[in-house]
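The listed protein sequences correspond, in order, to chains B and S.
All letters in the first sequence, in the order written, are residues 1 to 112 by our numbering.
All letters in the second sequence, in the order written, are residues 1 to 116 by our numbering.
Hints may be right or wrong, so weigh each one.
[Unchecked claim] Among chain S residues calculated to face chain B with C-beta under 8 Å, some are:
1) LEU45
2) TYR48
3) PRO61
4) GLN105
5) GLY110
These are computed hints drawn from the structure, not numbers from a lab.
Keep in mind it's a predicted model, so treat the numbers as computed, not measured.
Built from N, CA and C at the ideal position, the CB exists for glycine as well.
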Amino acid sequence: DQQVKQNSPSLSVQEGRISILNCDYTNSMFDYFLWYKKYPAEGPTFLISISSIKDKNEDGRFTVFLNKSAKHLSLHIVPSQPGDSAVYFCAASANQGGKLIFGQGTELSVKP
Amino acid sequence: DAGVIQSPRHEVTEMGQEVTLRCKPISGHDYLFWYRQTMMRGLELLIYFNNNVPIDDSGMPEDRFSAKMPNASFSTLKIQPSEPRDSAVYFCASSLYPDSPKETQYFGPGTRLLVL
């Protein structure tokens, strides 16, 4: 049973526009959420995170929004750049000693 | 630091053969994780260790899979016998908990396994 779901396997966006990647979760015990970015032939790398006590966290062009009532989070990239083309994984933690539950990933393609 | 090191990077084997994947975590990290990436299920956690002790192996698909961590700088994931459905990319990750940002894991480059 997938506790973390990314329902869009792919997303295509024009350079300079906003990219919005979505993630839904089912476990109400999750208290920390992360986004990882993965390029081909490389391992995922940490991008941005948010605690459940917040509803927004911003880092440069990247902003994560958390809606606890809807059990939904999203990653906004503004403006999108071709170098942002990668697979983005959403992950969640229930304070289990570092254990993360990942979604299936969304492949973002930013076209020049 | 060289980051998390995994070997081999690619492995092609025949069904029924034993496969051993290796991982060297970042020095000083006390958590080590093994993941499998597939198109259908994304990144699945197979097992993780804390201070070399297995904490949660509920993600290990079946008895054909086993993992060990004999010391703080080395871990293996073994599949015996291997089957074509085991074909995937296997990632090792390590972390220092608590860390800043909290629970950030550092991934190796992965081992791409193909079982024919």
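Hints breached by this structure:
3
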